[in-house]
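Enquirer: Work from the hints to combine the two standalone chains into their complex.
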Amino acid sequence: MRSAQTRRLVWPLLVLALLVAANAVATPRFLEITVRGGRLYGSLVDILHFGTPLLLISLGMTAVIALRGIDLSVGAVVAVAGAVACTLIESAAEPDSPSAVAGAVAAALAVCALLGLWNGFLVAVLRIQPIVATLILMVAGRGAAQLITGGQITTVRSAPYREIAGGSVATVPVTVIVAAATLLLMWLLVRRTALGLLIEAIGGNAEAGRLAGIRATGLTMAAYTFCGLCAGLAGIIISANTGSADGNNAGLWIELDAILAVVIGGTLLTGGRFSIAGTVLGAIIVQTLSTTVYTMGVPPESTLVFKALVVFGVCLLQSPRFRAQVAAPFRRSGPPRPPSNTATPAPPEEDDVKPEAASIADQEPREVRP
Amino acid sequence: MTPPSTLPALSAAVSRSRDLLEGRRRFIPVSMAGLVLVLVFVVGSLRYSGFLDPQVVLNLAVNNSFLIVLAVGVTFVILAGGIDLSTGAVLALSTMICAWLLREGWPPLLVIPAALLAGTAIGLAQGCIIHFYGVQPFIATLGGMFFARGLCFVISTESIPISDPLFSALAQTRVPVLPGGASLSLGAVIALAVAGAAAYVLHRTRFGRSVYAVGGSESSALLMGLAVGRVKVGVYTLSGFCAALGGVLYTLYIASGNGLHGLGMELDAIAAVVIGGTLLTGGFGYVLGSVIGVLTLGAIQAILVFEGTLSSWWTRIVAGTLLFAFILLQRALAPRAAR
Chain A
4 MRSAQTRRLV
14 WPLLVLALLV
24 AANAVATPRF
34 LEITVRGGRL
44 YGSLVDILHF
54 GTPLLLISLG
64 MTAVIALRGI
74 DLSVGAVVAV
84 AGAVACTLIE
94 SAAEPDSPSA
104 VAGAVAAALA
114 VCALLGLWNG
124 FLVAVLRIQP
134 IVATLILMVA
144 GRGAAQLITG
154 GQITTVRSAP
164 YREIAGGSVA
174 TVPVTVIVAA
184 ATLLLMWLLV
194 RRTALGLLIE
204 AIGGNAEAGR
214 LAGIRATGLT
224 MAAYTFCGLC
234 AGLAGIIISA
244 NTGSADGNNA
254 GLWIELDAIL
264 AVVIGGTLLT
274 GGRFSIAGTV
284 LGAIIVQTLS
294 TTVYTMGVPP
304 ESTLVFKALV
314 VFGVCLLQSP
324 RFRAQVAAPF
334 RRSGPPRPPS
344 NTATPAPPEE
354 DDVKPEAASI
364 ADQEPREVRP
Chain B
26 MTPPSTLPAL
36 SAAVSRSRDL
46 LEGRRRFIPV
56 SMAGLVLVLV
66 FVVGSLRYSG
76 FLDPQVVLNL
86 AVNNSFLIVL
96 AVGVTFVILA
106 GGIDLSTGAV
116 LALSTMICAW
126 LLREGWPPLL
136 VIPAALLAGT
146 AIGLAQGCII
156 HFYGVQPFIA
166 TLGGMFFARG
176 LCFVISTESI
186 PISDPLFSAL
196 AQTRVPVLPG
206 GASLSLGAVI
216 ALAVAGAAAY
226 VLHRTRFGRS
236 VYAVGGSESS
246 ALLMGLAVGR
256 VKVGVYTLSG
266 FCAALGGVLY
276 TLYIASGNGL
286 HGLGMELDAI
296 AAVVIGGTLL
306 TGGFGYVLGS
316 VIGVLTLGAI
326 QAILVFEGTL
336 SSWWTRIVAG
346 TLLFAFILLQ
356 RALAPRAAR
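Here the protein sequences line up with chains A and B, keeping their order. All residue numbers for the first sequence refer to the working numbering, where the first residue is 4 and numbers rise by one. All residue numbers for the second sequence refer to the working numbering, where the first residue is 26 and numbers rise by one.
Do not rely on the hints blindly, as some may be mistaken.
Covered by chain B, according to a simulated footprint, are these stretches of chain A (three or more residues, beta-carbon under 8 angstroms) [stated by the list, open to error]: (1) 131-140; (2) 149-155; (3) 249-262; (4) 265-275; (5) 306-318.
If you're looking for bench data, these hints aren't it; they were derived computationally from the structure. Quick caveat, the model's predicted, so the values are computed rather than measured. We treat Cβ as the ideally placed atom computed from N, Cα and C, and that holds for glycine.
Just chain B, with the same shape it has in the complex (with noise of 0.2 angstroms):
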């Protein structure tokens, strides 16, 4: 006869190795998205020689920074069930204030905290439409985009060059991370800042567990007595200064202002979101993993240029592609409640 200890012994064990199950079942689509990248690096590597040199890959991040930091401020209104098409319209008004009051002749050193303020202003209008009047977030946002857009025409319909020398010495700094003379840009730097900064409030903070609890179930957050509020009009003020942030470093990599910079680029962003694992219904996913989706993205459009012949459409279908094989492994994945 079995001591009796042995049966819930088992059973706990189940029951543990279940929960270990259950626990990395979330880190799946994450993973995924890393595997996806190494993918693409061994097939650039492979096809092409000096794919894999240290300052290519370094500048992915460097090519994308703006992206990701709109990624980011993109990963907390999706986390919280929200969505926001206002980014890129916000990162271009962000470059045209830039250039403009830089025109003007103010000191670059306030013309930088004008253009946050401007995008930090137009989020949090846009929060607040959301929560105290009930419009749909779709709506509202996109209401943000034209008037972002607008704006930047009102200013000026032409493109506006930068030369101002602190702006220029901003833009060429690097600064070097490996032996042997790879470097990052300083806006790729602020961005991976950015992300570790987002990572760092969305767990380790009251304000980041509540977005995953609102993006759960706004409802029950709202049971359990969470600033609901709060959350949701933070979440939108986040995104509108990450996207003027975004907006700032995309002066410094480009050097210009112009209404139509960033066009489309807020599904760019959703995309990368959607691509690293993040679910659209919110309340689940990861600031890496909206990392790793611009990586990838950027990765496929690295390969693009190694190949030369190819043309540029074809990353619009590869991103298309990703993007439903990567939705279709979340519907395999996500637990039923989520879906």
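Just chain A, with the same shape it has in the complex (with noise of 0.2 angstroms):
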């Protein structure tokens, strides 16, 4: 299980080893991290702290993406929470107290938490694909960030909220402490107890799961929850960070880039196994990928051809096809083959005839723990 689970955080390692260490080439200082003020600066911090929302809102990605489902409503419920936050903090008496900016924080992260629970509500009561019902909220929910901003950009001085986003705990940036808290969280949630193992026999095998006994409906909604919860603190920090809720643009697709970190990190869209810690290599490289691109002098402009060849890349890795046409010139010379293997050209773990069947088999049977 320890040594499945390492393998399969091989190559994201490498892909985060090889940016960073192409960055440490390119730009000298890269690696540099000084303390000024009180709080630790460089790029690597950087990338930390501006990856916090996106990390965050894989971690909840991972769970419903484990449960065979998707969030694709997260960038909308993003805005939903900077504008119900920036709107309550404005109104205040006083802005700039922190009892009313925790008020705020938390009323926003309910809202969220409540549309989680109504994502959650659609896809395990009402049984709607997931896409689908999270597209509801996805194209409504912009609107509603818009409604309640009155279609303005939302300002806000509140010299606590910005703290949010700008303030260091112990030289630490609390973006990046609010991650590591949230990480904690679910994986002391995850892997220290059976839930963990529930989410992936569900998502695994939902029938299967449903006649083991685990009750898929409850488990589902507060995955949904989590994601709702995760996206509305992401929203927050990324609405901090600028000081003002934008209902248009704030997260804008960062479904995507959530879902593209989940699947770099080895988790599956077709469900089961999951990996944290791919998770969070997939966020980081995801965030870096962008720093590079600024630090390397590339047109940024042309970030986004570059995301698509690592998409593709990663996909194509992953696939069990490509990997066999791969490796297929390399095997020839090894040590020869079982003759039941020389009527096929294919090797024997892949199907030849189904890419889905390729796809489940790709997953290491399961182990039955005690």
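Expert: In structure tokens form, the structure reads like this:
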């Protein structure tokens, strides 16, 4: 189990190491970390700091994807969170008081948890396909965010609110602490209890999970609620970073980046086994990619082409068929094959007919824990 | 004593009427979509004089011609059980290629095929990655979306205006359809023609029937000996072509190339397809529904324009609500197997 999991992390780790190495060569100061004004500075810290929203959403998305779902609405939820928090702070009697900010943040998080619960309700109770169910909120959510802000970009000058993104505790940026805390919480919940096992059971085979007596409905709703909550947290950080709520552009396309991060991390979109460490790596890779484009002087407009190439590269590397094709010329020179294999040119672990079957075959047989 | 033939005859009649009902059932989502469109029009015409003016009605098709073409392409993909997120980006790329090549001095009659070819090639590449390497359509077309949008910005980050005489002549061509001066633009005529052709292909050709079969159950289609690979690659290629064609129509409509054109339009197209009664699980739906879906979204926008005081974000909220209503309707009507 442990070795299988670490093997899955090899590719993302390699990609990340390559990216960091390329950066370190291109910009010598890349690896430097300095303390200025009681806060850590440096490219690596920036990657973690600006990658926090993506990381948070990717964590939520991992839980949802492990349950064979998908949440397209996180970008809209990000916008709603910012809109609710900023509007409440703006209308508070004392925008600078920490209690007003705390109340606004709590309200925004509650709204986002509710939105997540709504998604979960549609998927688990009404049994609507996840893509469609979350598409509803994706379409309507941004409209709702603009409705809340009145179509304006609401700006806040509340100091405590800005602290959420700009502040630091013991030289570590608050955002990084928030990300680490969420990560720890999720890891404890999922890997230190049976929750993770249950999620993988339902995601891997819903019917078998049901027969084993797992209550899929509640678990699915909880996963979507968690995802909504993570998106809300990310939305607050994004809006605190800019000191404004932009219903139109806040968190635009972040759902796609988050899904990308999860997939790069080795969690299959078909559900089942998931990897939290992989997702963290995936999110950091996506963020490092953006930073690389800026620091290396690649024209920023080609970021998307870059990203597309990485998407295709990672997907193809994960595809058993592609791996088999690439490996084929090397295998021929290897030890002689058993006679049963000589009849078929394809390696035994892949299914020649159906790509879907191949991707299922890619998952190692699940170990049964006592 | 009843004659022995009555009972079988009765049961035959019952089963026939059930067949009829079952047959009609398939049309409920589409007719509901049509009903909503009519309802939107009734509401509009009650509130505003001039809403039912023939030109206003025709303008729905004129202003949404590109979206109709996009939705038709996406319908094929969704019917085959896939999804295509790249259409909006391919549309933008198509406008960009048109504007860029015209600025470079290419003859306009070469520019349009070049743009169409580029979109088709991207669709083909996506189809191949999805079919041959078993990459999920969602991720593969997401990559395609990044790629096409990125290419736009590599060509130019600025908007490129178009002043070619042929393009403006094409854009200004009006095709009279009703006595009294109501007319359609060339783009709208092309869009409706594409929808018609798509309906013909889906219902009258081997490829079209295979699309439904693959969407219904890929493994059954495979066991039946249908060319599943050809269908899967084909629908994405077709969708790429439609997106590129939509881009050309959009270029005519807006007379510029810009990498930011059609932002989020892929979701509009998918929403229109779903509102039109097509199941996202594949194998069930009609092109007509997608056209109705686009027109419904357009009609809501028209009402907002007529209202004047309502803000644009209400379009999104209403579209989301409609989406929800239609999905619930589909859930209620869909046969168990399709759920």
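Enquirer: So, for every hint listed, does it hold in this structure?
Expert: These are the hints, each one checked on the structure:
1. 131-140: That given contact holds, which follows from 8 residues of the region 131-140 of chain A lying within Cβ reach (below 8 angstroms) of chain B.
2. 149-155: holds (count 3)
3. 249-262: holds (count 3)
4. 265-275: holds (count 3)
5. 306-318: holds (count 10)
Violated hints: none; the structure is consistent with every hint.
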